[in-house]
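Chemist: 1 is the number of the first residue of the sequence shown in full-length UniProt numbering; add one for each residue after it.
Note that these hints are calculated values from the structure, not bench results.
Derived DSS-like pairs (lysine-lysine); straight-line CA-CA distance at most 25 Å:
#1 K35 <-> K99
#2 K23 <-> K68
#3 K67 <-> K35
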Amino acid sequence: MHPTYAYPKSRFEPTVLVDLNAKAERERLSKSALKGFFRLAAAWNLRDDDARELLGGLSSSAYYEWKKNPERVLEVDRITRISYLLGIYKALHILYGDKLADEWVSLPNTNQIFGGRAPLAHMLAGGLLAMQTTRQLLDARRGGL
1 MHPTYAYPKS RFEPTVLVDL NAKAERERLS KSALKGFFRL AAAWNLRDDD
51 ARELLGGLSS SAYYEWKKNP ERVLEVDRIT RISYLLGIYK ALHILYGDKL
101 ADEWVSLPNT NQIFGGRAPL AHMLAGGLLA MQTTRQLLDA RRGGL
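Put together the whole structure using the sequences plus the hints.
Modeler: Now the structure itself:
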């Protein structure tokens, strides 16, 4: 006879994952995601070209229209990109003071992930996967993983 094992009781409740494939979820999140992104871009002093590239290569006209009127439904890719960037922003502000947190993405970094480049250059060159890696690095540093 083998004893039956059971997980101990816990008050931990896992968060329900958001289904970004559901249009209703994207409708709910898009406006606030864009507003957050534009605030982040201002805090990081991003050039418009760099901000457009972080959004996945958005055209100039679309970028300025989105900035003026964030009332739209974003695609899964763009919401994911913004989510990673906002997570990076949050982690930086937990780890560092406001001034360094906002400058960090533009400073050369000796971590082997960045190879001496600024994290912003790494994310611009590597796209979504580089954003994910940067976020994972910062989450691990703050003890979030």
